[in-house]
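Q: Listed below, chain by chain, are the residues.
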Amino acid sequence: MQAEIPLIILLTLSLYSLVMVILTAVGIRSQRRVRGRERIITQVVCENCGYKVTRSFTPGDYVGAKTREKCPRCGSPMRISLIFVEKDASISRYLFTSREPGNAGYYKSLIRLK
Amino acid sequence: MKQLVSSMTIHNNIYNVLLIHGFFPFSSNTSTTETGSSLATWIIALSILASTIMSMLAFLGISQGMQLRIWKNQVESKLRIIEGYVREAESSALELLKSSGARNPQDVVARVKDFFMIGPVTIEPIDIIRRLESIIRTGEVHIERIVKDSLPSSISEHILKNTVTLLSLLNALNTIYKYLRHLLLLGVKSKNAMLVAQVWMMMPLYLRIAKAYREAVNAVSKGIPIGDSAGPLAAYKIAMESKPLSKMKEIVKDTVYGEYNYEDRRLIVVKAKGPGSTVGRPGEAVEKLLEDTTIASSLAAIITIDAALKFEGEETGTIAEGIGVAMGDPGPEKIRIERLASKLRVPLYAIVVKMSMEEAINAITQNIVEGVTKAVEKAKRIIKESTRPGDTIILVGVGNSIGVGQA
Ligand SMILES: [Zn+2]
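Protein chains in written order, with our numbering: chain R, 139 to 252; chain D, 685 to 1091.
Chain R extracted, bound-state conformation:
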């Protein structure tokens, strides 16, 4: 009978620590996803015809810099006009607005379709 007492305590403790481990793991994972999802965009604009191209940021980019890229439409030199972090980079927004199956946005879109 006396062996039961440590058992229940051990069970409670192990359950508690298991929950804590899971919570921590989920926390770390979601943090990583936030950082991974952040995308920095560089917008390049043609100096001649105003054609705009967006690509990811590369170190050394700055607004106003002339780049080596040539305009795909007219072949003129291009210039960086904007650098910014893409919208909806945060995980919570992603979870609630993404249309991928498994996220809230997916079910919302299903409801709307009906």
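I should point out that these hints are in silico values taken from the structure, not numbers from a laboratory.
For glycine and all other residues, C-beta sits at the position ideal for the given N, C-alpha and C.
Accuracy of the hints is not assured; some may be wrong.
[Claimed, not checked] If you anchor each label on the Cβ, the simulated ranges turn out as follows:
#	chain 1	residue 1	chain 2	residue 2	range
1	D	Lys-895	R	Ile-147	36 to 44 Å
2	D	Leu-741	R	Arg-177	52 to 60 Å
3	D	Glu-1022	R	Arg-177	40 to 48 Å
4	R	Lys-204	D	Glu-999	31 to 39 Å
5	R	Val-191	D	Asp-1075	32 to 40 Å
6	R	Cys-187	D	Asp-791	47 to 55 Å
7	R	Ser-155	D	Gly-785	48 to 56 Å
8	D	Ile-802	R	Lys-204	41 to 49 Å
9	D	Pro-836	R	Tyr-189	34 to 42 Å
10	D	Ala-881	R	Val-191	53 to 61 Å
11	D	Arg-753	R	Val-164	26 to 34 Å
12	R	Thr-150	D	Met-885	27 to 35 Å
With chain R's structure known, arrange chain D with the ligand on it following the hints.
A: Chain D with the ligand in isolation, oriented as in the chain R frame:
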């Protein structure tokens, strides 16, 4: 009284039940078949014991000490997080210094990490602005020289500026960490539970600030524009959309200006010199521009565009217009423009792009960029509505010009 009686009867009932069923752990006649029920007995017995002990502790005033210990432990765990941020910032600063070929990176970091400035005497207001300016500028130049002396002479200006900003971020993080640690240790040493409680309550806010600084380290080391770059970005945009009369050139330290023709008005655009991280000296630049009598005599408006702290609940990137100088400096630059405007009787128009403290020092977001576009439209509207062709307008893009060059 009634409550007490009822609680006592409940207690008696529990004991009776326990005794009748032979569940009480110290009674010897328990049978081995009732293992499930005896577990319940033990749990009840232990919880009664625990609550008795707790109430005794509360009565003796020991629980406050325990609460202090809980607060202390929680503050300590948050402090360890901030300490980690300090170390992260330190290693990024070292990395940046090493990659640009610094001679003694360790020494530079150690010097700037604990650098401080002492504010001027405030009980004697005469000249306070000039004294404040002198302290700020000396500090600025001093840190810049420490970094410059360590780097090879061929290093580009924007890398120098970004390194200086990175080091001041490290300095800020280190100061937050040391100050909070000081309060905690003081509270524990003097057994001041209220002081520890205050630190504990403020901790989430300080952690938020520290996190923002940590993210800023990332943006600054890569040279990405930050939220505070909204002003210089707006200046760049309006310059690009007008007919240039002259190329942008440096007028005072770290500050550039260019002349443009917008709707037959002479538009002078002032911004900090990019793409290095600096706020420049916009006040001094305007002062110097107005030494030119042709500008001073035809001046019709001074427009400032800056990032401003939003209230919680306001949306990032919304803009607002107002009157005055939109500038977040400690005073010396702002006062120059105010004095000149009142002397020349020129209206001061201000446009702000709203953002949170975190957003102001982190990589610029799409919302803020959209706000900048709106701010530029607003500035154009103000120019068209409140000035006539032939007038001169000075437009200042206030803020940090990291990642924002000039055309
Ligand atoms: Zn083109």
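Q: Is the gap between the beta carbons of Cys-187(R) and Asp-791(D) within 47 to 55 Å?
A: 52 Å, holds
Q: So does Ile-802(D) sit 41 to 49 Å from Lys-204(R), Cβ to Cβ?
A: The hinted range 41 to 49 Å holds for Ile-802(D) and Lys-204(R), with Cβ atoms some 44 Å apart.
Q: At the C-beta level, are Lys-204(R) and Glu-999(D) separated by a distance inside 31 to 39 Å?
A: 35 Å, holds
Q: Just to be sure I understand the hint, the distance between the Cβ atoms of Arg-753(D) and Val-164(R) should be within 26 to 34 Å; is that true here?
A: 28 Å, holds
Q: Between Thr-150(R) and Met-885(D), does the C-beta distance stay in 27 to 35 Å?
A: Holds, since Thr-150(R) and Met-885(D) (Cβ atoms, about 31 Å apart) stay within the stated range.
Q: Quick check: does the Cβ-Cβ distance between Val-191(R) and Asp-1075(D) fall within 32 to 40 Å?
A: Holds, since Val-191(R) and Asp-1075(D) (Cβ atoms, about 38 Å apart) stay within the stated range.
Q: Cβ-Cβ distance between Ser-155(R) and Gly-785(D): within 48 to 56 Å?
A: 49 Å, holds
Q: With 36 to 44 Å as the target window, see if Lys-895(D) and Ile-147(R) comply at their CB atoms.
A: 38 Å, holds
Q: With respect to the beta-carbon atoms only, verify the hint that Leu-741(D) and Arg-177(R) lie 52 to 60 Å apart.
A: 54 Å, holds
Q: Glu-1022(D) and Arg-177(R), beta-carbon distance inside 40 to 48 Å?
A: 41 Å, holds
Q: Given a hinted range of 34 to 42 Å, is it respected by the beta-carbon distance of Pro-836(D) and Tyr-189(R)?
A: 39 Å, holds
Q: Do the beta carbons of Ala-881(D) and Val-191(R) sit within 53 to 61 Å of each other?
A: 55 Å, holds
The structure fails none of the hints (numbered hints given earlier).
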